[in-house]
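Engineer: Here the protein sequences come in this chain order: S and U.
Residue numbering for the first sequence follows our numbering, beginning at 1 and increasing consecutively.
Residue numbering for the second sequence follows our numbering, beginning at 1 and increasing consecutively.
A couple of the hints might just be wrong.
Unchecked claim - One-sided and incomplete, this derived list gives chain U residues near chain S with beta-carbon spacing under 10 Å:
#	residue
1	Glu-232
2	Glu-304
3	His-342
4	Asn-353
5	Thr-357
6	Trp-372
7	Arg-376
8	Ala-396
If you are wondering where the hints come from, they were derived from the structure by calculation, not from laboratory data.
Glycine included, every Cβ here is placed at the ideal spot set by N, Cα and C.
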Amino acid sequence: MLRLEKRPTPSRFWLYATPPVAVILTMVAGGILFATMGKNPFEVIRTIFWDPLFGPFAFYLRGQLLVKAGPLILIAIGLALGFRAGIWNIGAEGQYIMGAIFGASVGLAVFPTESRWIFPVMILAGAFGGWLWAMIPAILKTKFNTNEILVSLMLVYVAQTILAKAATGFLKNPEGMGFPGSRNFSGYPAAQNAYLYEPLGLHWGGVAALVTAVLAYVLLTRHQAGFQIRLAGQAPRAARFHGVNPVRLVVLCMGISGALAGLAGLFEVAGPAGQITIDFNTGYGFTAIIVAFLGRLNPLGIVLAGFLMALTYVGGEMAATSLGLPTAAIQVFQGMLLFFLLAVDVLTNYRFRLAVGAH
Amino acid sequence: MTRPELLRVEGITKAYPGVVANSDVSFSIGEGEIHALLGENGAGKSTMVKMIYGLVRPDSGVMTLRGAGYAPSKPAEARRLGVAMVFQHFSLFEALNVAENVALGMESPPPMRELAARIRAVSEEYGLPLDPSRMVGDLSAGERQRVEIIRCLLQDPKLLIMDEPTSVLTPQEVEILFKTLRQLAREGTAILYISHKLEEIKGLCDEATILRRGKVVATCTPRERTAREMAELMVGQALKTPERRLAAKGEVALGVSDLSVESPIPFGTALKGISFTVAKGEVLGIAGVAGNGQDELLLALSGELKAAPDKVRVLSQPVGDLGPVERRRAGLVAAPEDRYGHAAAPDMSLVENAFLTAGVRKGLTKNGFVDWSGTRAFAEEIIAAYDVRTPGPDVAARALSGGNLQKFLMGRELMQGASVIVINQPTWGVDAAAAAQIRQSILDRAGEGAALVVISQDLDELLEVADSFAVLNEGRLTRPRPTEGLTMDEIGLMMGGAHGMEVAHHAG
Chain S
1 MLRLEKRPTP SRFWLYATPP VAVILTMVAG GILFATMGKN PFEVIRTIFW DPLFGPFAFY
61 LRGQLLVKAG PLILIAIGLA LGFRAGIWNI GAEGQYIMGA IFGASVGLAV FPTESRWIFP
121 VMILAGAFGG WLWAMIPAIL KTKFNTNEIL VSLMLVYVAQ TILAKAATGF LKNPEGMGFP
181 GSRNFSGYPA AQNAYLYEPL GLHWGGVAAL VTAVLAYVLL TRHQAGFQIR LAGQAPRAAR
241 FHGVNPVRLV VLCMGISGAL AGLAGLFEVA GPAGQITIDF NTGYGFTAII VAFLGRLNPL
301 GIVLAGFLMA LTYVGGEMAA TSLGLPTAAI QVFQGMLLFF LLAVDVLTNY RFRLAVGAH
Chain U
1 MTRPELLRVE GITKAYPGVV ANSDVSFSIG EGEIHALLGE NGAGKSTMVK MIYGLVRPDS
61 GVMTLRGAGY APSKPAEARR LGVAMVFQHF SLFEALNVAE NVALGMESPP PMRELAARIR
121 AVSEEYGLPL DPSRMVGDLS AGERQRVEII RCLLQDPKLL IMDEPTSVLT PQEVEILFKT
181 LRQLAREGTA ILYISHKLEE IKGLCDEATI LRRGKVVATC TPRERTAREM AELMVGQALK
241 TPERRLAAKG EVALGVSDLS VESPIPFGTA LKGISFTVAK GEVLGIAGVA GNGQDELLLA
301 LSGELKAAPD KVRVLSQPVG DLGPVERRRA GLVAAPEDRY GHAAAPDMSL VENAFLTAGV
361 RKGLTKNGFV DWSGTRAFAE EIIAAYDVRT PGPDVAARAL SGGNLQKFLM GRELMQGASV
421 IVINQPTWGV DAAAAAQIRQ SILDRAGEGA ALVVISQDLD ELLEVADSFA VLNEGRLTRP
481 RPTEGLTMDE IGLMMGGAHG MEVAHHAG
């Protein structure tokens with residue numbers, strides 16, 4: 001019989017081997033899933049993982065990778081800081097929406113004024129909107145000891161309702177001939193998050209994601225606040241003994257993750273999406289949770305994980321359109337990745353051992 | 001006097017990954033015999049009794065009970081065959097009463113009323129006063145132990161295993177327990193008594209098996225040996241008594257006045273009007289049975305619990321409302337009892353654990369950034385000075401044995417050059433040689449002019465290091481008295497005598 005046994009020290013090998021092993025297991029299990037749906041599993045896997053990089057449309061799809069990876073990375077880094085501290089913000093999707101609404105509102109309020117300050121102020125407003133939305137679960141947790149998982153998650157649905165209201169009401173395009181949705185920022189250069197280098201899909205959101213990754217890495221490994229975040233997650237009582245104020249830590253971590261999700265929302269609405277619509281959010285806030293864990297809650301790992309996840313997004317869309325695969329199958333495929341990751345992750349701290357034959 | 005043999009253990013070996021807990025251990029216990037299993041922490045005593053109680057299976061070797069083969073596969077089987085055990089850590093539900101707790105441990109408990117009557121009867125018979133309707137959360141540690149003992153006695157055991165039973169008792173309660181154990185032995189129940197306290201074993205036990213590093217190194221009759229002889233058998237080397245460097249007492253370094261705080265721990269003990277002072281060069285020893293406010297006092301001194309500013313003063317600076325960081329800056333460091341998760345983060349490396357408390361006083365941060373190379377140097381310094389056995393400073397704290405980690409954590413606090421050092425249980429779970437070394441460094445710091453507060457449940461330890469002595473009892477601290485000239489009887493009375501004795505008169 002197999003038995004799990006705790007390792008004296010976490011295995012460094014499995015710490016790094018876990019993500020690739022999980023990806024391979026996902027391909028195998030996903031392949032079986034696709035085969036039972038009557039598709040050629042090899043063709044589907046190739047379409048998802050190979051074609052976006054080297055296929056016939058790669059010139060366009062490669063740019064899409066950073067467009068999708070940017071917000072995922074930005075949100076996931078914020079979440080990872082909280083997860084490291086044992087603070088579970090599951091509602092990044094809502095903070096992402098609120099960031100977009102706040103940022104877009106500022107831009108649309110001053111339409112059609114032209115000033116170089118409009119876009120920077122929109123960025124601040126976007127971060128503020130996400131921060132504000134994250135402060136609700138943070139303050140409820142610190143004041144009334146509520147569960148931040150439930151509160152932040154439920155606030156996603158509140159945010160979606162506000163989004164619908166914005167698209168059909170207070171941010172609706174007055175020249176939209178009655179259709180829901182705001183003005184499009186592509187027609188308003190001062191407020192637009194334009195591509196800096198289109199072949200790579202690079203806009204300010206991508207820049208922010210990569211800079212944030214480096215800053216977060218330095219914070220976690222070199223700065224006292226990063227030490228406190230890690231300590232609070234691993235040994236809460238030791239953190240209090242060290243001198244960490246748990247209330248301040250909750251507010252800090254929720255605030256950072258909320259602000260980063262808000263930023264991602266703003267860059268999206270002013271850039272690739274272009275406008276506030278009812279279905280503006282596409283689940284980046286939830287997928288970022290997978291990205292955070294896939295990247296081992298390590299900012300540099302998250303960058304890689306973000307690109308991998310973007311690949312399944314872009315390749316998944318390809319598979320959906322060219323092979324007629326339902327989008328739900330793609331989502332199952334992405335979910336499998338988290339499942340296998342968490343399952344294989346056990347091996348970092350535990351090892352299998354054959355139970356000694358008992359008499 | 002020869003007794004019919006009850007339990008024989010022959011050639012028992014048990015290995016865990018990386019360590020052999022027991023190697024070819026043999027001994028035997030007669031009916032009605034009180035047999036001591038003696039050894040330092042990590043000598044393999046606990047593993048041995050877990051095998052007898054069916055919690056762990058031996059890799060090889062045989063056991064016989066009354067001549068028949070005995071290989072219990074689970075504790076229930078051991079209990080059915082007449083083997084019962086009282087653990088060092090109790091498994092009781094605080095929110096249930098005594099009778100309910102006893103019922104939970106039984107396979108088919110009788111109706112509550114009948115059970116309560118039986119508990120009363122047994123407690124009367126063996127002089128262990130206990131009211132079956134009381135809530136366990138309200139009981140002292142000594143009373144909780146009685147619940148565990150009575151739970152065992154209701155099964156009418158042939159062999160009763162007791163794992164370090166006296167560590168939670170006052171001297172008076174120890175006497176009551178010993179009386180009960182002797183009575184049980186007279187009635188024919190064998191007792192396997194695990195301890196490292198030699199005076200107790202001399203007074204109580206008929207035979208002793210001494211373990212060192214998993215092997216039997218000697219068997220002896222404790223009455224015929226001196227405590228020192230047995231200690232040296234146990235440790236395997238001659239023991240050195242710490243020496244005290246006398247320092248002139250200086251001005252008051254730590255002053256606590258009328259400190260009262262609620263406990264943050266469920267069923268914890270609130271501190272009530274604690275007052276004392278400790279001068280430079282002085283060691284104040286604080287005794288008391290576990291659960292009388294020791295953890296809370298440590299939290300209130302370390303800064304994890306706050307109070308009004310002038311309730312705690314360090315070098316006459318009020319620090320009562322300051323957190324741990326500011327108190328360290330003011331010159332006070334503290335070492336909590338629980339190593340895994342409180343004093344140290346088990347999954348972090350020794351370097352990171354060094355930073356945990358030493359960052360402030362050793363100046364290991366610059367503009368909020370951690371000076372990891374400086375921290376590593378400090379961790380290496382501790383490892384060298386305190387002889388911490390570790391492959392290096394980068395291993396996780398949890399990979400160290402309890403004693404080694406304790407040495408590291410003691411070194412971490414003692415090497416920061418603090419003026420006030422508060423330690424809860426400095427040598428808990430540490431082998432005798434290392435314990436002597438830790439006590440020596442406590443005395444050395446005092447000799448250099450630091451003020452120390454040592455909270456401990458080991459009276460011998462306190463008498464060895466403390467200049468003055470006080471007792472925590474139900475959250476109140478007695479007035480500190482000079483250690484010199486204190487007798488065990490006086491200490492026992494300061495500790496509140498035997499808890500819960502009044503119940504005996506109501507019972508029945």
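Engineer: Now tell me, hint by hint, if it's right for this structure.
Structural biologist: We went through each hint and held it up to the structure:
For the restraint placing Glu-232 (chain U) at the interface with chain S, the shortest Cβ-Cβ distance is roughly 32 Å, beyond the 10 Å limit, so the hint is violated. Taken as an interface hint, Glu-304 (chain U) checks out: its beta carbon lies about 5 Å from the nearest beta carbon of chain S, inside 10 Å. For the restraint placing His-342 (chain U) at the interface with chain S, the shortest Cβ-Cβ distance is roughly 5 Å, inside the 10 Å limit, so the hint holds. Below 10 Å, beta-carbon pairs count as interface contacts, and Asn-353 (chain U) has one with chain S at about 8 Å; its hint therefore holds.
The beta carbon of Thr-357 (chain U) comes within 7 Å of a beta carbon in chain S, closer than 10 Å, and the hint placing it at the interface holds. Against a cut-off of 10 Å between C-beta atoms, the interface hint on Trp-372 (chain U) holds, since the closest Cβ of chain S lies about 8 Å away. Checking Arg-376 (chain U) against chain S by beta carbon gives a least distance of about 14 Å; that is not within 10 Å, so the hint is violated. With a least beta-carbon distance of about 5 Å to chain S, the hint placing Ala-396 (chain U) at the interface is held under the 10 Å criterion.
In this structure, the earlier hints numbered 1, 7 are contradicted, and the remaining ones agree with it.
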